[in-house]
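Residue numbers (this note's numbering), protein chains in the order written: chain A, 1 to 117; chain B, 1 to 425.
Some hints here could point you the wrong way.
Pairs of lysine-lysine residues, derived as PhoX-like cross-links and limited to a Cα-Cα distance of at most 20 angstroms, are as follows [claimed, not checked]:
#1 Lys-340(B) <-> Lys-406(B)
#2 Lys-352(B) <-> Lys-405(B)
#3 Lys-42(A) <-> Lys-17(A)
#4 Lys-223(B) <-> Lys-59(A)
#5 Lys-57(A) <-> Lys-97(B)
#6 Lys-340(B) <-> Lys-59(A)
#7 Lys-157(B) <-> Lys-85(A)
#8 Lys-62(A) <-> Lys-157(B)
#9 Lys-149(B) <-> Lys-69(A)
#10 Lys-97(B) <-> Lys-68(B)
#11 Lys-68(B) <-> Lys-94(A)
#12 Lys-406(B) <-> Lys-335(B)
#13 Lys-149(B) <-> Lys-62(A)
#14 Lys-82(A) <-> Lys-57(A)
#15 Lys-227(B) <-> Lys-69(A)
#16 Lys-42(A) <-> Lys-62(A)
#17 Lys-239(B) <-> Lys-223(B)
#18 Lys-149(B) <-> Lys-85(A)
#19 Lys-406(B) <-> Lys-352(B)
#20 Lys-57(A) <-> Lys-57(B)
#21 Lys-405(B) <-> Lys-82(A)
#22 Lys-62(A) <-> Lys-94(A)
#23 Lys-69(A) <-> Lys-94(A)
#24 Lys-85(A) <-> Lys-57(A)
#25 Lys-23(A) <-> Lys-42(A)
#26 Lys-389(B) <-> Lys-406(B)
#27 Lys-157(B) <-> Lys-227(B)
FYI, nobody ran anything at the bench for these hints, they're computed from the structure.
Take a look at the letters that make up each chain.
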Amino acid sequence: MTKELTCICCPMGCPLKAEVDEKGNVLSVTGNTCIRGENYAKTELVAPVRIVTTTAKTKSGKPVPVKTKEAVPKSKIFDVVKEIKETSVDLPVKMGDVIVRNTADTGVDVVATRSAE
Amino acid sequence: MNEFDLIIIGGGPAGMAAAVSAKKAGIDDLLILERDSVLGGILNQCIHNGFGLHTFKEELTGPEYAEKYADMVREQQIPFELETMVLAVEKLAGSNKKAVTVISSMRGVQTLYAKAVILAMGCRERPRGALNIPGSRPQGVYTAGTAQKLVNIEGAKLGREVVILGSGDIGLIMARRMTLEGAHVAAVAELMPYSSGLKRNIVQCLDDYGIPLLLSHTVVDIKGKDKLEGVYIAKVDEKNQPIKGTEEYYPCDTLLLSCGLIPENELTVGAGVEIDPRTNGAIVNESLETNIEGVFSCGNVLHVHDLVDFVSEESARAGENAAKYILKGSDHSGKVLAVKAENGVRYTVPSKINTVNLSELNHIRFRVTGVYKNVSIVVRSGETELLRKRSQILVPSEMVDLILKKDKFDGLNDDISVFIEEVGQ
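Just chain A, same shape as in the assembly (with noise of 0.2 angstroms):
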């Protein structure tokens, strides 16, 4: 079947169409103007990733802003957000400090972006 999308690597935003089998394998695209927008077709249509940003809270009141340390998949980005809104983070906290390990059994940490006391 043609799924269609519009390429986020340059700010043509090419409308991208991409044939996809039975399996989700991206047989062909087309409508790309360059070979980035075959590349972001491929990975986005196989296995869309992001980097999630939320804010956790703190004993002081103020929420802590953080971070996935890497992207995660697309689809499990309200599990994480969850699971950090469940955690309290302890002061101080320094920016990098994993707040939560292996997030939503993505593998991927969750650390501080700011560091607050």
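Add chain B to chain A, keeping to what the hints say.
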């Protein structure tokens, strides 16, 4: 001690980068003034990633980018004063000194003096009052950046059902942020036929969460007496006028406005600096110096940027130039050429160049007036073409950064034009 070589107003990305580079260029007697209780400016509330690809060669979040610069400021022992508001900047008559009047709990009201001043105050959002949206004035209408601060810094809970007007990057980012915080974002309405935000943000912040982007649409009415109850969104015609009969009601308890940023130049105007009406920022020369000798401007207070990396780079140049001014004074001996924004170019920074003060590499930054596909960017002085560069696409939401070597300007006598040229089919 109220005398300094250099005072930098603003401790955000622009102020910090300017300070670090001035220090590196040999200025030890400097001071950063910041009105917030921390360094970092707007970056502290921009908890999303996508910062620093140029500067640090890695993808950082806003707070990480800010902390890296704040660490540099501390390592280099650059003095800064927080919770300090600057009330006025003034060049003293008959002297090259600048008076900077500040207020803080530590100093009370005091006047500080400096040989040079760098204006790095950033920008603020266009508020509802400037948008002329009819309707009542209920609670629940926020600018996107205010909402961002409330959610990310204060940990506040805003509404459950959200409409966003304007597709600026902060609005798009907040659409995703509100969704992750458990709210439902019904739509993002954009007056123009194109988004004013970056494409990647539309995909990652709207498409990922199934949030519709309504181009050529605007909010025509706001309902609710004390609390916001809903908004009417209508289609607009090519003159941006709402089309009768296309109004649709969106019940919501939160309306976020992401309708443009305005450089915060009250101090600048008060100091007598000339403002460019196209950018709402100072008119500057190749050294990012304003019409007042020794007063420099950089970052979002000069012109609104879309990438913090460009802010840092520009501000580092301002810091370097301020250092040069303090150590060597001004050189006015060269020829001054105007830099003119012509066909398709809305403005340029700088808008004049004194050839004697050029660096090895010189930047001309601009934004286009509309969407251009498959065109050439041309920089010309009389019959001499300084630069011609093909571009697949140019959009108003992406600032263009041209870099020209010093020798390109050799022997030029005519003003410089920057324009967009259609490429023959």
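Evaluation of the provided hints:
With a CA separation close to 18 angstroms, the supplied pair Lys-340(B) and Lys-406(B) stays within the 20 angstroms bound. Taking the CA atoms of Lys-352(B) and Lys-405(B), the gap is near 16 angstroms; set against the 20 angstroms cutoff, the hint holds. With a C-alpha separation of about 11 angstroms, the suggested pair Lys-42(A) and Lys-17(A) falls inside the 20 angstroms cut-off, and the hint holds. Proximity of Lys-223(B) to Lys-59(A) is assessed by CA-CA distance (about 38 angstroms); at most 20 angstroms being required, the pair is judged violated.
Proposed proximity of Lys-57(A) and Lys-97(B) is contradicted: the alpha carbons are some 48 angstroms apart, above 20 angstroms. For the suggested pair Lys-340(B) and Lys-59(A), the alpha carbons sit about 55 angstroms apart, so the restraint of at most 20 angstroms is broken. Taken as a hint, the Lys-157(B) and Lys-85(A) pair is honoured in the structure, with Cα atoms around 13 angstroms apart against an allowance of 20 angstroms. Note on Lys-62(A) and Lys-157(B): the hinted pairing holds, with a Cα-Cα distance of about 12 angstroms set against a maximum of 20 angstroms.
Taking the CA atoms of Lys-149(B) and Lys-69(A), the gap is near 23 angstroms; set against the 20 angstroms cutoff, the hint is violated. About 32 angstroms separates the Cα atoms of Lys-97(B) and Lys-68(B), which puts this hinted pair outside 20 angstroms; it is violated. Taken as a hint, the Lys-68(B) and Lys-94(A) pair is honoured in the structure, with Cα atoms around 12 angstroms apart against an allowance of 20 angstroms. Annotation: proposed proximity of Lys-406(B) to Lys-335(B) holds, straight-line Cα distance about 14 angstroms (limit 20 angstroms).
Distance hint between Lys-149(B) and Lys-62(A) is fulfilled; the C-alpha atoms sit about 11 angstroms from each other, no more than 20 angstroms. For the suggested pair Lys-82(A) and Lys-57(A), the alpha carbons sit about 12 angstroms apart, so the restraint of at most 20 angstroms is met. Of the pairs offered as hints, the one joining Lys-227(B) and Lys-69(A) is violated, with about 39 angstroms between alpha carbons and a cut-off of 20 angstroms exceeded. Only pairs whose Cα atoms come within 20 angstroms are accepted, and Lys-42(A) paired with Lys-62(A) is rejected, the gap being roughly 41 angstroms.
Between Lys-239(B) and Lys-223(B) the alpha-carbon distance is near 25 angstroms, which puts this suggested pair outside the 20 angstroms criterion. Restraint check for Lys-149(B) and Lys-85(A): satisfied, since their Cα atoms lie roughly 18 angstroms apart, inside the 20 angstroms limit. For the hint pairing Lys-406(B) with Lys-352(B), the CA-to-CA distance comes to about 15 angstroms; that is within 20 angstroms, so the pair holds. Between Lys-57(A) and Lys-57(B) the alpha-carbon distance is near 30 angstroms, which puts this suggested pair outside the 20 angstroms criterion.
Of the pairs offered as hints, the one joining Lys-405(B) and Lys-82(A) is violated, with about 52 angstroms between alpha carbons and a cut-off of 20 angstroms exceeded. The suggested pairing of Lys-62(A) with Lys-94(A) holds, with an alpha-carbon distance near 15 angstroms, which does not exceed 20 angstroms. In summary, the hint linking Lys-69(A) to Lys-94(A) is supported, as the alpha carbons are separated by about 14 angstroms, within the 20 angstroms threshold. For the suggested pair Lys-85(A) and Lys-57(A), the alpha carbons sit about 7 angstroms apart, so the restraint of at most 20 angstroms is met.
Note on Lys-23(A) and Lys-42(A): the hinted pairing holds, with a Cα-Cα distance of about 13 angstroms set against a maximum of 20 angstroms. Between Lys-389(B) and Lys-406(B), the direct Cα distance comes to roughly 18 angstroms. Compliance with the 20 angstroms bound is thereby established for this hinted pair. Simply put, Lys-157(B) and Lys-227(B) have alpha-carbon atoms about 15 angstroms apart, close enough for the 20 angstroms limit, and the pair holds.
Of the hints listed earlier, those the structure fails to meet are numbers 4, 5, 6, 9, 10, 15, 16, 17, 20 and 21, in rising order.
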